[in-house]
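Undergrad: So you can see what is in the structure, the chains are spelled out below.
2 protein chains.
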Amino acid sequence: MSSFPQTSNNTITRLPKRGEYDRDAIYAILDEALVCTVAFVRDNLPVQIPTGFCRMGDKLYIHGSVGSGYMRALAEHSVNVCLSVTHVDGLVLARSAFHHSMNYRSAVIFGKTSRVTDEDELYKALEAFTNKVQPGRWDDVRQPDKGEWKATMVLSISIDDASGKVRTGPPKDDEEDYSLDTWAGVVPLKLQRQTPIPDELLKNGVELPQYLK
Amino acid sequence: MSSFPQTSNNTITRLPKRGEYDRDAIYAILDEALVCTVAFVRDNLPVQIPTGFCRMGDKLYIHGSVGSGYMRALAEHSVNVCLSVTHVDGLVLARSAFHHSMNYRSAVIFGKTSRVTDEDELYKALEAFTNKVQPGRWDDVRQPDKGEWKATMVLSISIDDASGKVRTGPPKDDEEDYSLDTWAGVVPLKLQRQTPIPDELLKNGVELPQYLK
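These protein sequence lines map, in sequence, to chains A and B. Residues 37 to 249 (my numbering) make up the first sequence, in order. Residues 37 to 249 (my numbering) make up the second sequence, in order.
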């Protein structure tokens with residue numbers, strides 16, 4: 037296990053005990069997230085875009101249309117970005133309003149963009165995007181043809197600086213509040229899959245694949 | 037119903053049919069989200085912070101400790117921020133890798149920060165934060181005392197520019213792919229509450245309140 041060095045940029049200053057710098061722990065938070073937000077500076081102003089992403093090794097990848105304005109802006113140079121993901125794991129209901137909180141796992145990454153032009157890396161990224169939406173999916177679908185390749189822009193983002201922040205467990209109340217008649221505890225939250233809805237145009241006889249059961 | 041004017045800043049250029057500028061629709065996307073990310077510029081570089089938030093009327097609110105570095109940075113002047121929320125509603129599994137997608141509802145807001153000093157607005161914001169975590173909660177808990185008030189910084193964010201982006205419905209495949217033997221459809225996702233976990237230190241005899249049943 038390795039850790040990201042703590043710099044003035046990534047160090048959690050508020051509630052530092054919630055800070056997480058271990059690489060594997062941060063990668064696990066990233067890998068579980070379906071979407072991230074990518075922030076960058078445009079005309080000296082902050083902008084952010086919610087988007088799908090994936091990780092391969094020590095790089096993050098986003099993709100979009102070659103016609104997308106922000107993708108083109110991010111592809112132009114090595115652009116500084118800040119990327120984050122957050123999982124909300126529970127509502128933390130304390131006895132006092134002040135100590136209400138949420139259980140969560142978040143990761144914030146600082147890095148630079150780079151357009152992926154190497155065909156092998158590009159292809160692997162497309163496979164990773166598809167299998168991130170649904171593990172096992174890539175081998176089951178029609179893979180991209182030349183025209184689709186050319187319509188898709190893939191950017192890699194270096195992970196220069198990273199930090200995670202995690203809260204777990206019950207509420208923490210002030211000593212004198214534990215005697216109050218107020219219910220306190222955690223309401224866990226989970227992003228759960230519902231029953232798959234087949235496309236109305238699904239070809240007759242095509243069954244739900246094993247990986248979706 | 038009113039709409040946000042479309043400017044070069046907020047107009048959805050990629051897949052414009054997914055763009056949403058109606059105020060009520062965007063506010064509904066915001067109100068359902070427990071956390072947002074707030075992006076700002078620090079030393080010419082993009083930074084973003086995941087945080088809880090709430091909306092009252094045409095303003096968004098975030099809060100944190102008066103000791104928080106980024107809260108203090110955002111409180112110093114009227115700072116330009118970009119705030120976003122995203123709900124992932126489903127995995128869209130098409131017959132081709134290229135048309136894989138997600139169903140989602142996102143909102144991106146451009147505005148400026150302002151420190152809330154008016155006591156009435158501050159108090160209402162704290163109530164709104166608590167009731168956002170759990171509707172009905174505020175009336176059931178010990179409300180903030182003077183010391184807690186002073187430890188909490190609340191910032192309002194004006195909603196100067198806003199846009200939403202929404203995808204719903206089944207996959208869209210290329211005409212020739214509909215004859216493939218590949219399963220296609222949507223796997224809906226829902227952030228679902230699990231059974232509440234009472235605090236181990238809960239006072240004897242305190243029952244789960246009605247609003248949590």
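It is possible that some hints are incorrect.
All copies of an identical chain are treated as equivalent in the list; a pair is satisfied when it fits inside any one copy or across any two copies.
What the hints assert, rightly or not - Only pairs whose alpha carbons sit at most 27 Å apart, straight line, appear in this in silico BS3-like list of lysine-lysine:
#1 Lys226 <-> Lys148
#2 Lys208 <-> Lys186
#3 Lys208 <-> Lys148
#4 Lys186 <-> Lys53
#5 Lys249 <-> Lys208
#6 Lys226 <-> Lys249
#7 Lys186 <-> Lys148
#8 Lys186 <-> Lys249
#9 Lys168 <-> Lys226
#10 Lys95 <-> Lys168
#11 Lys168 <-> Lys249
#12 Lys95 <-> Lys208
#13 Lys208 <-> Lys168
#14 Lys53 <-> Lys182
#15 Lys239 <-> Lys208
#16 Lys208 <-> Lys182
#17 Lys148 <-> Lys249
#18 Lys53 <-> Lys249
#19 Lys168 <-> Lys53
#20 Lys239 <-> Lys148
#21 Lys226 <-> Lys186
#22 Lys226 <-> Lys160
#23 Lys226 <-> Lys182
#24 Lys160 <-> Lys53
#25 Lys182 <-> Lys249
#26 Lys249 <-> Lys95
Quick caveat, the hints were computed from the structure, so don't treat them as lab data.
Undergrad: Please go over all the hints and tell whether each is borne out by the structure.
TA: Structure-based check of each hint:
no. : hint              : in the structure
1   : Lys226 <-> Lys148 : neither (32 Å within a copy, 33 Å between copies)
2   : Lys208 <-> Lys186 : between (54 Å within a copy, 19 Å between copies)
3   : Lys208 <-> Lys148 : neither (39 Å within a copy, 33 Å between copies)
4   : Lys186 <-> Lys53  : between (46 Å within a copy, 23 Å between copies)
5   : Lys249 <-> Lys208 : between (40 Å within a copy, 23 Å between copies)
6   : Lys226 <-> Lys249 : both (19 Å within a copy, 17 Å between copies)
7   : Lys186 <-> Lys148 : within (23 Å within a copy, 39 Å between copies)
8   : Lys186 <-> Lys249 : neither (34 Å within a copy, 53 Å between copies)
9   : Lys168 <-> Lys226 : both (18 Å within a copy, 18 Å between copies)
10  : Lys95 <-> Lys168  : within (15 Å within a copy, 36 Å between copies)
11  : Lys168 <-> Lys249 : within (17 Å within a copy, 35 Å between copies)
12  : Lys95 <-> Lys208  : neither (37 Å within a copy, 30 Å between copies)
13  : Lys208 <-> Lys168 : between (36 Å within a copy, 19 Å between copies)
14  : Lys53 <-> Lys182  : between (50 Å within a copy, 26 Å between copies)
15  : Lys239 <-> Lys208 : between (55 Å within a copy, 14 Å between copies)
16  : Lys208 <-> Lys182 : between (56 Å within a copy, 19 Å between copies)
17  : Lys148 <-> Lys249 : neither (39 Å within a copy, 47 Å between copies)
18  : Lys53 <-> Lys249  : neither (40 Å within a copy, 33 Å between copies)
19  : Lys168 <-> Lys53  : between (31 Å within a copy, 26 Å between copies)
20  : Lys239 <-> Lys148 : neither (44 Å within a copy, 51 Å between copies)
21  : Lys226 <-> Lys186 : neither (37 Å within a copy, 34 Å between copies)
22  : Lys226 <-> Lys160 : neither (30 Å within a copy, 29 Å between copies)
23  : Lys226 <-> Lys182 : neither (39 Å within a copy, 36 Å between copies)
24  : Lys160 <-> Lys53  : neither (37 Å within a copy, 30 Å between copies)
25  : Lys182 <-> Lys249 : neither (32 Å within a copy, 54 Å between copies)
26  : Lys249 <-> Lys95  : neither (31 Å within a copy, 44 Å between copies)
The structure does not agree with the numbered hints 1, 3, 8, 12, 17, 18, 20, 21, 22, 23, 24, 25 and 26 stated previously, though it agrees with the rest.
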